[in-house]
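Work out the full structure, taking the sequences as your base and the hints as a guide.
Counting in our numbering, the sequence shown runs from 1 upward without gaps.
The set of hints was computed from the structure by calculation and includes no laboratory data.
Treat the numbers as computed from the prediction; the structure is a model and nothing was measured.
Where is the CB? At the ideal position from N, CA and C, for every residue including glycine.
Errors might be hidden in some of the hints.
Stated by the list, open to error - Simulated pairs of lysine to aspartate or glutamate, DMTMM-like, Cα-Cα distance not exceeding 25 Å:
| # | residue 1 | residue 2 |
| --- | --- | --- |
| 1 | K121 | E100 |
| 2 | K121 | E14 |
| 3 | K121 | E43 |
| 4 | K82 | E133 |
| 5 | K121 | D76 |
| 6 | K82 | E161 |
| 7 | K82 | D145 |
| 8 | K121 | E17 |
| 9 | K121 | E184 |
| 10 | K121 | E142 |
| 11 | K82 | E142 |
| 12 | K121 | D145 |
| 13 | K82 | D166 |
| 14 | K82 | E43 |
| 15 | K82 | E100 |
| 16 | K121 | E91 |
| 17 | K121 | E88 |
| 18 | K82 | E14 |
| 19 | K121 | E32 |
| 20 | K121 | D166 |
| 21 | K82 | E32 |
| 22 | K121 | E161 |
As the list claims (entries may be wrong) - Listed next, with one range per pair, are the computed distances between beta-carbon atoms:
| # | residue 1 | residue 2 | range |
| --- | --- | --- | --- |
| 23 | P128 | S164 | 12 to 20 Å |
| 24 | S23 | P58 | 17 to 25 Å |
| 25 | Y167 | I195 | 18 to 26 Å |
| 26 | E43 | D85 | 21 to 29 Å |
| 27 | E161 | P62 | 45 to 53 Å |
| 28 | G131 | E2 | 44 to 52 Å |
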Amino acid sequence: MEIILASQSPRRRELLERMGVRSFRVLPAPGEERAGAGLPPWELVEALSRQKAAQTAPLAGPEDLIIAADTVVAADGRVLGKPRDEEEAAEMLALLSGREHHVYTGVTVRRGERILTRHEKTAVRFRPLTGAEIAAYLAAGESLDKAGAYGIQGRGCLLAEGISGDYYNVMGLPVCLLYGMLREFGVNPLTGEGI
1 MEIILASQSP RRRELLERMG VRSFRVLPAP GEERAGAGLP PWELVEALSR
51 QKAAQTAPLA GPEDLIIAAD TVVAADGRVL GKPRDEEEAA EMLALLSGRE
101 HHVYTGVTVR RGERILTRHE KTAVRFRPLT GAEIAAYLAA GESLDKAGAY
151 GIQGRGCLLA EGISGDYYNV MGLPVCLLYG MLREFGVNPL TGEGI
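Structure (structure tokens):
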């Protein structure tokens, strides 16, 4: 059995290693995921993570364990994925300024035809941001490849004044949720069982 991370995210790779999973292969899903418009954010991220796992499955062996995840930010009834450009990133940061939003990550673990999909929700509260602060954060170059246009593990930590829930979920991989899911497949990174 090989563990496969169906993501090219360096943050997810780092978090999987932090969990104690040292031997895994990175194999990003080859297609583009699509989900129905209007889905609530928790259903959206679950659907997208299932699609990533399904797209990766034909490239994996029958006993391989596939881990796939998808993260979005939800605020004011809007779902925010990765911004298309700096203008959209600035709009997202202005929307999040001075308010609470939620980060949702859907996680799918798959081996053969056995599939588990769950999600995690974390509340993040941003302090009020000035236009100059938004411009400076955009200039730091952390916005374009992250849902909601910020990365909590980088300079984005200067934007958030409070987090309620799993911090690692905000980074893109809810490790406690994933740990429980892996244990259901007989894999325990804490004890080394199944790895």
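Take a look at whether the Cβ-Cβ distance between Y167 and I195 falls inside 18 to 26 Å. 24 Å Cβ-Cβ, so the 18 to 26 Å window holds.
Can the suggested window of 17 to 25 Å be confirmed for the beta-carbon pair S23 and P58? Holds: the Cβ-Cβ distance is about 22 Å, inside 17 to 25 Å.
Could you grab the alpha-carbon distance between K121 and E17 and see if it respects the 25 Å cut-off? holds, 22 Å
Given the hinted pair K121 and E100, is their Cα-Cα distance within 25 Å? Satisfied, since the Cα-Cα distance of roughly 13 Å is no more than 25 Å.
Has the given pair, K82 with D166, been kept, meaning a C-alpha gap of at most 25 Å? holds, 20 Å
Given the hint that K82 pairs with E161, does the C-alpha gap stay at or below 25 Å? Distance of about 22 Å is within 25 Å: holds.
So the hint says 45 to 53 Å: do the beta-carbon atoms of E161 and P62 match that? holds, 48 Å
For K121 and D76, compute the direct alpha-carbon distance and say whether it is at most 25 Å. With Cα atoms ~15 Å apart, K121 and D76 stay inside 25 Å; holds.
Is the hinted range of 12 to 20 Å satisfied by the C-beta distance from P128 to S164? Since the Cβ atoms of P128 and S164 sit about 19 Å apart, the hinted range of 12 to 20 Å holds.
Measure nothing beyond the straight line between the CA atoms of K82 and E32; if it is 25 Å or shorter, mark the hint as holding. Answer holds: K82 to E32 is near 14 Å, not above 25 Å.
Check the hint pairing K82 with E14 against an upper bound of 25 Å on the C-alpha distance. Holds, at roughly 20 Å.
If you check the beta carbons of G131 and E2, does the distance land in 44 to 52 Å? holds, 48 Å
Violated hints are absent here; each numbered hint is respected by the structure.
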